[in-house]
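We have chain A already, so just place chain B on it with the hints.
Listed below, chain by chain, are the residues.
There are 2 protein chains.
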Amino acid sequence: MAKQQQKKKQQTAIQPTRSDDFPEWYQQVIRAADMAENSETRGCMVIKPWGYGIWELIQQQLDVRFKETGHQNAYFPLLIPLSYLEKEAGHAEGFATECAVVTHHRLETEKQDDGSVKMVPTGKLTEPYVIRPTSETIIGSAFSRWIESYRDLPLLVNQWANVMRWEMRPRLFLRTAEFLWQEGHTAHETENEAIEETRTIHRLYEEFLRDHLAIPVIPGEKTEAERFPGADMTLTVEAMVQDKKAIQAGTSHYLGQNFSKAQDISFTGRDGATQHAYTTSWGVSTRLIGTLIMAHSDDDGLVLPPRVAPQQIIIIPVTPKEETREAIIDACQALAEVLRREKSYGGQPLRIHVDSRDIGGGVKKWEWVKKGAPIRIEIGPRDLESGKVCLQRRDQAPNAKEFIPKEDFIRHVEETLADIHNQLLQRATELRDNNITTCTDLGEFTNYWDQEQPGWLLTPWNGSREQEEELSKKHKITIRCLPLDLQDEDPSPCILTGEPTPQRAIWGRSY
Amino acid sequence: MAKQQQKKKQQTAIQPTRSDDFPEWYQQVIRAADMAENSETRGCMVIKPWGYGIWELIQQQLDVRFKETGHQNAYFPLLIPLSYLEKEAGHAEGFATECAVVTHHRLETEKQDDGSVKMVPTGKLTEPYVIRPTSETIIGSAFSRWIESYRDLPLLVNQWANVMRWEMRPRLFLRTAEFLWQEGHTAHETENEAIEETRTIHRLYEEFLRDHLAIPVIPGEKTEAERFPGADMTLTVEAMVQDKKAIQAGTSHYLGQNFSKAQDISFTGRDGATQHAYTTSWGVSTRLIGTLIMAHSDDDGLVLPPRVAPQQIIIIPVTPKEETREAIIDACQALAEVLRREKSYGGQPLRIHVDSRDIGGGVKKWEWVKKGAPIRIEIGPRDLESGKVCLQRRDQAPNAKEFIPKEDFIRHVEETLADIHNQLLQRATELRDNNITTCTDLGEFTNYWDQEQPGWLLTPWNGSREQEEELSKKHKITIRCLPLDLQDEDPSPCILTGEPTPQRAIWGRSY
Numbered sequence: 001m002a003k004q005q006q007k008k009k010q011q012t013a014i015q016p017t018r019s020d021d022f023p024e025w026y027q028q029v030i031r032a033a034d035m036a037e038n039s040e041t042r043g044c045m046v047i048k049p050w051g052y053g054i055w056e057l058i059q060q061q062l063d064v065r066f067k068e069t070g071h072q073n074a075y076f077p078l079l080i081p082l083s084y085l086e087k088e089a090g091h092a093e094g095f096a097t098e099c100a101v102v103t104h105h106r107l108e109t110e111k112q113d114d115g116s117v118k119m120v121p122t123g124k125l126t127e128p129y130v131i132r133p134t135s136e137t138i139i140g141s142a143f144s145r146w147i148e149s150y151r152d153l154p155l156l157v158n159q160w161a162n163v164m165r166w167e168m169r170p171r172l173f174l175r176t177a178e179f180l181w182q183e184g185h186t187a188h189e190t191e192n193e194a195i196e197e198t199r200t201i202h203r204l205y206e207e208f209l210r211d212h213l214a215i216p217v218i219p220g221e222k223t224e225a226e227r228f229p230g231a232d233m234t235l236t237v238e239a240m241v242q243d244k245k246a247i248q249a250g251t252s253h254y255l256g257q258n259f260s261k262a263q264d265i266s267f268t269g270r271d272g273a274t275q276h277a278y279t280t281s282w283g284v285s286t287r288l289i290g291t292l293i294m295a296h297s298d299d300d301g302l303v304l305p306p307r308v309a310p311q312q313i314i315i316i317p318v319t320p321k322e323e324t325r326e327a328i329i330d331a332c333q334a335l336a337e338v339l340r341r342e343k344s345y346g347g348q349p350l351r352i353h354v355d356s357r358d359i360g361g362g363v364k365k366w367e368w369v370k371k372g373a374p375i376r377i378e379i380g381p382r383d384l385e386s387g388k389v390c391l392q393r394r395d396q397a398p399n400a401k402e403f404i405p406k407e408d409f410i411r412h413v414e415e416t417l418a419d420i421h422n423q424l425l426q427r428a429t430e431l432r433d434n435n436i437t438t439c440t441d442l443g444e445f446t447n448y449w450d451q452e453q454p455g456w457l458l459t460p461w462n463g464s465r466e467q468e469e470e471l472s473k474k475h476k477i478t479i480r481c482l483p484l485d486l487q488d489e490d491p492s493p494c495i496l497t498g499e500p501t502p503q504r505a506i507w508g509r510s511y
Numbered sequence: 001m002a003k004q005q006q007k008k009k010q011q012t013a014i015q016p017t018r019s020d021d022f023p024e025w026y027q028q029v030i031r032a033a034d035m036a037e038n039s040e041t042r043g044c045m046v047i048k049p050w051g052y053g054i055w056e057l058i059q060q061q062l063d064v065r066f067k068e069t070g071h072q073n074a075y076f077p078l079l080i081p082l083s084y085l086e087k088e089a090g091h092a093e094g095f096a097t098e099c100a101v102v103t104h105h106r107l108e109t110e111k112q113d114d115g116s117v118k119m120v121p122t123g124k125l126t127e128p129y130v131i132r133p134t135s136e137t138i139i140g141s142a143f144s145r146w147i148e149s150y151r152d153l154p155l156l157v158n159q160w161a162n163v164m165r166w167e168m169r170p171r172l173f174l175r176t177a178e179f180l181w182q183e184g185h186t187a188h189e190t191e192n193e194a195i196e197e198t199r200t201i202h203r204l205y206e207e208f209l210r211d212h213l214a215i216p217v218i219p220g221e222k223t224e225a226e227r228f229p230g231a232d233m234t235l236t237v238e239a240m241v242q243d244k245k246a247i248q249a250g251t252s253h254y255l256g257q258n259f260s261k262a263q264d265i266s267f268t269g270r271d272g273a274t275q276h277a278y279t280t281s282w283g284v285s286t287r288l289i290g291t292l293i294m295a296h297s298d299d300d301g302l303v304l305p306p307r308v309a310p311q312q313i314i315i316i317p318v319t320p321k322e323e324t325r326e327a328i329i330d331a332c333q334a335l336a337e338v339l340r341r342e343k344s345y346g347g348q349p350l351r352i353h354v355d356s357r358d359i360g361g362g363v364k365k366w367e368w369v370k371k372g373a374p375i376r377i378e379i380g381p382r383d384l385e386s387g388k389v390c391l392q393r394r395d396q397a398p399n400a401k402e403f404i405p406k407e408d409f410i411r412h413v414e415e416t417l418a419d420i421h422n423q424l425l426q427r428a429t430e431l432r433d434n435n436i437t438t439c440t441d442l443g444e445f446t447n448y449w450d451q452e453q454p455g456w457l458l459t460p461w462n463g464s465r466e467q468e469e470e471l472s473k474k475h476k477i478t479i480r481c482l483p484l485d486l487q488d489e490d491p492s493p494c495i496l497t498g499e500p501t502p503q504r505a506i507w508g509r510s511y
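Just so you know, the sequences run in chain order A and B. Mapping to this note's numbering: the first sequence position 211 is 211, numbers consecutive. Mapping to this note's numbering: the second sequence position 86 is 86, numbers consecutive.
Mixed in with the good hints there might be a few duds.
Where chains are identical, the list cannot tell them apart; a pair therefore holds if satisfied intra-copy or between any two copies.
To be verified - The list that follows gives simulated cross-link-like pairs (lysine-lysine, BS3-like), each with its CA atoms no further than 25 Å apart:
hint: 1; residue 1: LYS87; residue 2: LYS118
hint: 2; residue 1: LYS67; residue 2: LYS370
hint: 3; residue 1: LYS364; residue 2: LYS401
hint: 4; residue 1: LYS118; residue 2: LYS261
Think of the hints as simulated: they come from the structure by calculation, not from any bench. Every value quoted in this text rests on a predicted model; they were computed, and no experiment measured them.
If we strip away everything but chain A, and leave its shape as in the complex, we get:
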């Protein structure tokens, strides 16, 4: 029985598998890796240390890039006066249905007969506040105080914060009522500069996803129907995950003068005349972690790209005999020390953990498989003698192993980590490229969405907003983006209207 179970485990550590039930597999990967869980606060998750460790790495590495591009961090109030939200009507309507509202500022405690305490809200506020669903309005009000002259521009600010959008169908990391994110907010003298900023961040997100998360995105522009409420242009990076659905992984918005006019972000220009600034906003969130899981993980659990693995290398002493136990553990610690001292990856010291817990080797191994540690190293009595280590890579089959001289492992460790990253990126790129189909025929288009796990369709498109919404509703799809690198092709007939158009659209189902 025990043996049978183990055998089954070796086939696949996560039940159900991806092909059995992808959404449930996703939940089980998170549970098996001990990353997060639901809480009793509706739609809000607890991010456990292994999940939060990934977020910390994402945060540190993105923050460096924001600072290199001239942005400074600041912090703005959690609560937004309702009157602020009301100023930009489109924005207000876009978020109205999902705002948590604070109406009282104290509680009265009532002692119950059984000795317990009951608390009742009191101290009603004359003006209610909403918990920020995003901070354009409150940061805009600060900008209107700070900006006086063109000399104060550009103003380039970023905030790391929690935000709240009351979600009706929450899903860990991908869609939670409260989530953690960064939101950049900038103000510029000219339209061109603001658009340039929007594009710079868009490319930064694309590169970050590729180089840090091993996720190849399609960068593109959202259609009007899918734009951020209040924006003139929304750029997006769209990731395809293993069930071929799309995830909007990050967005960069050009807000034109919509918010600056609503909030009076004005300045004295070079010509002495007062004018309104051009603003942008952009963000990525803990949703990146959900994207990461769905992009790379397999039927044995989480698979982490090395840059964002809280532990990159797990060293496991294999100690069948008591007499060699100490020597083996010492050798493991010594290896960890050498790696920490002499090696680095992506500009950071290596993150290494020696797991010398006194539990079964199989249990230990599978725990780290399920947690997605990129490299596992085992050292046993025979390895100690031969000067070798047993190398196991998370991007390979769980039982694949290679015995290599310890010195070779040390010498090549950075290449090995880079190779794991590249393998993940290559697989994800193949998945994406194999599942984007060019389609120029409406009949084909219509039939395509009947299959169980459709990919994405790339079509010539110049339909109206109404036509887009009709098609979207009919097939439960959306235009994910007008892919930037594929615009201005030779004109082809729009799939719906038949009019020749240089514009291309990508359609798909999404999370």
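What follows is chain B alone, placed relative to chain A:
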């Protein structure tokens, strides 16, 4: 007129001065250094980049120490169900009067006749939530899910987060409705281990304030009257600032089994019996920045200890003549490069800014004085020839300067920064030690509090809670702590009851 103004400025850049009006001076230092400002969200501040930069450094440096002592970061929901708060009655009552309450989860937009939009809360929640004033209850509920066996202990978790306590008299950094903090929460198998953890963190805070913020605190225990709601023991680090008031800069609480019983944080012990865990909690907040300002700043503005200065060294090119301008700026950049590449302080690369803005040298200099940059370096045409730099230190008079060979400056830069830190620490220690007076006579005690800026009194004390509260009310003071390093002295008569007691108390006014 301009000259007069400059002269006045050189006397003191901040008006009023500390001796004129300390609380107003404090506000003006913050404004002059561009650190933070009030917002229209009641009691909430905007933390501007220079202030937030200090917080980022505090956060990074504390985080390293938490991780070294075995703690892991995680993240828990912002909103706490009312029913959670009700479980620990003392805790609930302690925070009831300052809780922001979320009662609705959507807004209805009503279009007004003038085209504007008005928003009205709707979607009433069956159970309201409070925005966390602290997270013992919600983290405790996670702990009760996570802990099953003694093998799961100790559980050592920390959270970096925003919290909210509705403040009636807010003051930037020191007391704001929303503030940023870290809150550690741990669970242990035995009382001893939990008390040991409480003390470990207490010492960690003491050392952090001394070694990173140059603030010499008095570590001690709070009396029952001043304890955290729900704690069995509260340890505190108390800082004296320049008007001789006390600031509680950090606290570490031993919670006994109060929260574990209220929330059923129980485990199967080594003997197989079910028992309740012993828990602790501890935190420091953006209040540290207020403490920092009041401890070190002077009548010319902010003074920053080098470890937490967002920029430690400002290099200012002095370019009176166009023909040497480029060479001087190049020399400044080259100096910055050498320092960044070759030098470090406190284990971090140096933070250096070359201020080559094309504005008056005096304006520039005073801006950095007011921002508290520890070192300013000027390089002008003559220095370029002589190979010297003009060194100005923020801990010295604003016009003190020293011309030293550039190579000497580079060679000794770490010592210079360490010396600035030590000077600040020494001054603050002298201020503190000169203003703590031992007092054994009730008449002297009573008279002491009549002076305008009293310091602290150290007295033998074994009075009751009621007697303590009566004395506190009468003189507008509190027992800041029972100082740890001064307990178990030879018994002396309690200042009030006259009974011999080994216990010592420190009394003072506080923020």
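We went through each hint and held it up to the structure:
1. LYS87 to LYS118: This pair counts as between: shortest inter-copy Cα distance 9 Å, intra-copy 38 Å.
2. LYS67 to LYS370: Result: close only across copies, 24 Å inter versus 34 Å intra.
3. LYS364 to LYS401: Classified as within: same-chain Cα gap 16 Å, cross-chain 62 Å, threshold 25 Å.
4. LYS118 to LYS261: between (47 Å within a copy, 18 Å between copies)
When the structure is compared with the earlier hints, no violation turns up for any of them.
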